[in-house]
Amino acid sequence: MNGRPDAAKADTADVSVAATRTRANRRRGTGGRGAPFGFLAPAAVLFLLFFALPIGYALYLSVRKVQIVGLGLGADGREEVWAGLANYRRALTDSELLDGAFRVLGYGAIVVPVMLGLALFFALLLDADRVRGRRFGRLAIFLPYAVPGVIAALLWGFLYLPSVSPVHDVLDRLGLPAPDLLQGTPLYGALANIAIWGGTGFNMIVIYTALRAIPVEVHEAARLDGCSQFQIALRIKIPMVLPSLVLTFFFSIIATLQVFNEPTTLRPLTNNLSTTWSPLMKVYEDAFTGGDIHSAAATSVVIALVTLALSFGFLRIANARNRSEESR
Amino acid sequence: MRHRAIAVGTAALLAATTLAGCGSAGDDGTVHLTYWAWAPGMEEVVELWNEANPEIQVTVKKQASGDDLVTKTITAARAGNAPDLLQAEYQALPTLASNNVLADIAEETATAEAAFTPAIWRQVTLGTDAVYAIPQDSGPLMFFYRADLFEEYGLTVPTTWDEFAETARELRDAAPELRLTTFSANDAGLFAGLAQQAGAQWWTTEVDRWRVAIDDEPTRRVAEFWEGLVAEDLVDNQPMYTPAWNQALNEGQQIAWVSGVWAPGTLATAAPDTAGRWEMAPLPQWEAGENATGSWGGSSTGVTVDSDHPAAAAEFATWLNTDPEALTALVAASGVYPAASAAQSGGALSEPPEFFANQPDFYETAASIAAGTAPAAWGPNVTVAYSAFNNAFGQAAGRRAGFGEALATMQRTAFEDMDRLGFEVVQ
Numbered sequence: 001m002n003g004r005p006d007a008a009k010a011d012t013a014d015v016s017v018a019a020t021r022t023r024a025n026r027r028r029g030t031g032g033r034g035a036p037f038g039f040l041a042p043a044a045v046l047f048l049l050f051f052a053l054p055i056g057y058a059l060y061l062s063v064r065k066v067q068i069v070g071l072g073l074g075a076d077g078r079e080e081v082w083a084g085l086a087n088y089r090r091a092l093t094d095s096e097l098l099d100g101a102f103r104v105l106g107y108g109a110i111v112v113p114v115m116l117g118l119a120l121f122f123a124l125l126l127d128a129d130r131v132r133g134r135r136f137g138r139l140a141i142f143l144p145y146a147v148p149g150v151i152a153a154l155l156w157g158f159l160y161l162p163s164v165s166p167v168h169d170v171l172d173r174l175g176l177p178a179p180d181l182l183q184g185t186p187l188y189g190a191l192a193n194i195a196i197w198g199g200t201g202f203n204m205i206v207i208y209t210a211l212r213a214i215p216v217e218v219h220e221a222a223r224l225d226g227c228s229q230f231q232i233a234l235r236i237k238i239p240m241v242l243p244s245l246v247l248t249f250f251f252s253i254i255a256t257l258q259v260f261n262e263p264t265t266l267r268p269l270t271n272n273l274s275t276t277w278s279p280l281m282k283v284y285e286d287a288f289t290g291g292d293i294h295s296a297a298a299t300s301v302v303i304a305l306v307t308l309a310l311s312f313g314f315l316r317i318a319n320a321r322n323r324s325e326e327s328r
Numbered sequence: 001m002r003h004r005a006i007a008v009g010t011a012a013l014l015a016a017t018t019l020a021g022c023g024s025a026g027d028d029g030t031v032h033l034t035y036w037a038w039a040p041g042m043e044e045v046v047e048l049w050n051e052a053n054p055e056i057q058v059t060v061k062k063q064a065s066g067d068d069l070v071t072k073t074i075t076a077a078r079a080g081n082a083p084d085l086l087q088a089e090y091q092a093l094p095t096l097a098s099n100n101v102l103a104d105i106a107e108e109t110a111t112a113e114a115a116f117t118p119a120i121w122r123q124v125t126l127g128t129d130a131v132y133a134i135p136q137d138s139g140p141l142m143f144f145y146r147a148d149l150f151e152e153y154g155l156t157v158p159t160t161w162d163e164f165a166e167t168a169r170e171l172r173d174a175a176p177e178l179r180l181t182t183f184s185a186n187d188a189g190l191f192a193g194l195a196q197q198a199g200a201q202w203w204t205t206e207v208d209r210w211r212v213a214i215d216d217e218p219t220r221r222v223a224e225f226w227e228g229l230v231a232e233d234l235v236d237n238q239p240m241y242t243p244a245w246n247q248a249l250n251e252g253q254q255i256a257w258v259s260g261v262w263a264p265g266t267l268a269t270a271a272p273d274t275a276g277r278w279e280m281a282p283l284p285q286w287e288a289g290e291n292a293t294g295s296w297g298g299s300s301t302g303v304t305v306d307s308d309h310p311a312a313a314a315e316f317a318t319w320l321n322t323d324p325e326a327l328t329a330l331v332a333a334s335g336v337y338p339a340a341s342a343a344q345s346g347g348a349l350s351e352p353p354e355f356f357a358n359q360p361d362f363y364e365t366a367a368s369i370a371a372g373t374a375p376a377a378w379g380p381n382v383t384v385a386y387s388a389f390n391n392a393f394g395q396a397a398g399r400r401a402g403f404g405e406a407l408a409t410m411q412r413t414a415f416e417d418m419d420r421l422g423f424e425v426v427q
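Listed in order, the protein sequences are those of chains A and B.
Mapping to the working numbering: the first sequence position 312 is 312, numbers consecutive.
Mapping to the working numbering: the second sequence position 19 is 19, numbers consecutive.
Simulated from the structure, these hints should not be mistaken for lab results.
Incorrect hints may appear among the rest.
As the list claims (entries may be wrong) - To give a feel for the contact side, a few chain A residues facing chain B, derived at Cβ under 8 Å:
1) Pro-268
2) Ser-274
3) Ala-318
4) Asn-319
5) Asn-322
From the three backbone atoms N, C-alpha and C, an ideal C-beta is built for every residue, glycine too.
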């Protein structure tokens with residue numbers, strides 16, 4: 001059954017080989033030119049669908065607004081109209097957003113140096129010669145990263161609440177003063193602590209991986225020259241893992257600017273965290289409490305631009321310094 | 001070709017999701033309605049209706065409660081696939097009506113009004129000629145207290161707010177570690193209820209414009225009263241619904257709670273060791289001898305504009321919330337306190353809640369308190385005002401001062417939000 005048509009096809013092919021050669025060439029030619037687009041298509045389609053399109057939609061929403069008529073009840077109560085840059089003007093002059101940005105700056109000033117300092121410290125410790133329990137240590141430090149942020153915040157929230165915290169209980173019994181971490185300035189420390197606890201492990205792994213990639217001969221040479229472990233770390237290892245430090249710093253800045261889980265989860269436990277504590281919380285509040293997705297879209301765009309400017313600005317400075325060092 | 005295939009595929013997918021979301025009439029003329037609700041056991045109550053009404057079949061889809069459902073329904077309505085019916089808290093009705101989610105069912109529900117007190121009915125009409133929902137349950141405010149500890153410290157149950165302050169002072173003097181209750185800034189619903197009792201009308205409609213009156217004389221009175229208590233350290237200033245609060249109630253560090261009629265359920269979870277030691281009394285009054293209270297919580301059943309069968313949906317909503325059989329089932333299965341006056345005592349409510357087994361006349365007392373419920377007046381941006389309450393009063397409670405400015409902030413935030421969106425609004 002199958003043999004005959006195939007054979008027939010083969011015959012025809014043989015006969016027409018010469019006739020179709022030029023056409024085939026041309027076809028192969030266009031196919032060759034089209035192939036890159038074919039290979040690009042999945043990535044391009046995914047990029048358009050899940051990246052460009054949502055961003056475009058957010059931009060579109062941000063230049064629109066809702067206009068209410070009269071009491072605003074019923075079918076003719078509201079319509080969507082062009083807003084121009086009004087939402088952006090409002091976002092940029094919004095004192096709550098600015099206050100939030102400053103709070104996040106203060107929070108970041110604690111989180112980023114402490115977290116990266118600890119990550120580097122642990123990575124160097126684990127990489128030092130004659131360290132025992134390396135695998136266990138690495139896992140133990142990394143483990144908090146596997147705990148979801150909301151759950152981490154809940155866990156720490158319980159530890160912070162004076163009347164239910166076992167820490168406060170112990171301090172009370174020892175007759176030591178137990179500070180209320182959910183008030184005033186200590187609140188920044190309390191929030192930063194959650195992020196540091198969760199983030200140190202991840203950053204440590206990044207730095208540690210870079211440390212392991214340093215050729216053994218390099219420290220051996222240094223040791224033979226009489227370097228102590230401390231000097232090796234300071235003079236050899238840290239300069240050599242500088243690129244991964246830059247990378248972790250870059251990630252940390254972005255994560256800091258997007259802080260949302262910790263303050264949102266701790267908020268019901270205290271009078272001192274407002275619903276607009278961080279810029280992203282402000283976006284959430286506008287969109288889902290105020291029902292104003294247009295303002296929320298404009299604020300999101302502003303935050304995205306600031307994040308881009310800050311993180312790429314930092315990368316540029318870091319790269320420029322690298323280059324100048326290389327040229328020296 | 002390929003583009004068209006994708007377009008057709010996408011269209012088919014969208015059509016499928018749209019159809020799945022909506023109620024529709026079957027081939028045999030049966031009307032199918034979907035109902036988004038969060039009340040536990042609602043399926044059992046709806047089953048009664050489905051058995052008796054084969055031509056109108058209702059399907060309950062369980063949802064998250066409160067504001068989450070409001071957001072979800074508004075989003076669904078924008079996409080044109082909101083359910084036929086939904087459960088909505090009273091304070092969300094103006095928001096839903098303003099987003100053109102709720103259908104006006106005044107014509108279909110003309111007979112329902114008689115089953116409710118005017119104060120409750122007003123919440124579903126927003127003071128207009130329209131009817132946006134049928135009231136389901138209500139949460140009149142009451143005073144819950146630890147009867148055993150009141151006796152131990154020689155306290156009497158306060159009947160006025162002045163006595164309430166006095167009781168708080170006596171308790172602190174007798175037991176410096178204990179507080180009568182707390183002023184919590186994390187749920188504006190209680191504060192709103194207390195303001196209603198004092199006569200506040202936060203949002204009202206005047207023909208074709210809104211009036212926002214949050215920073216008004218009655219509310220200011222409530223704010224100043226609690227500021228005095230907090231400033232003098234007669235009540236705590238920490239929020240409710242935290243592990244610390246649960247512990248304070250369970251271990252008797254806070255010995256009273258102003259709350260809705262649904263409090264027994266909350267106390268049973270928050271303070272399980274104190275079963276049988278609480279009692280309920282009317283809310284303290286501003287003037288001796290009055291019987292006024294406010295509401296905290298309560299919800300209604302609305303019909304959406306997306307429904308293809310608004311009349312059938314309205315018929316079901318009316319049955320669910322006014323029919324004696326339905327209400328009995330609702331009380332038994334969902335544990336709600338019905339809004340319909342006739343159902344507030346007797347029937348399923350002849351026994352006290354398990355946690356208050358020591359107070360046999362619990363629901364009789366509750367019904368007499370509920371009769372004095374002051375009308376609540378909600379506007380289209382309650383969530384914005386509530387969030388402003390959380391932030392401004394949170395700060396003020398923490399500082400134990402500045403309640404007046406906090407109230408002014410709340411007023412300004414709510415008014416400016418409406419004004420900015422284009423509402424006709426005055427203050």
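Point to revise | Violations among the numbered hints, reported as their numbers in ascending order | key: Numbers 3, 4 and 5, in rising order.
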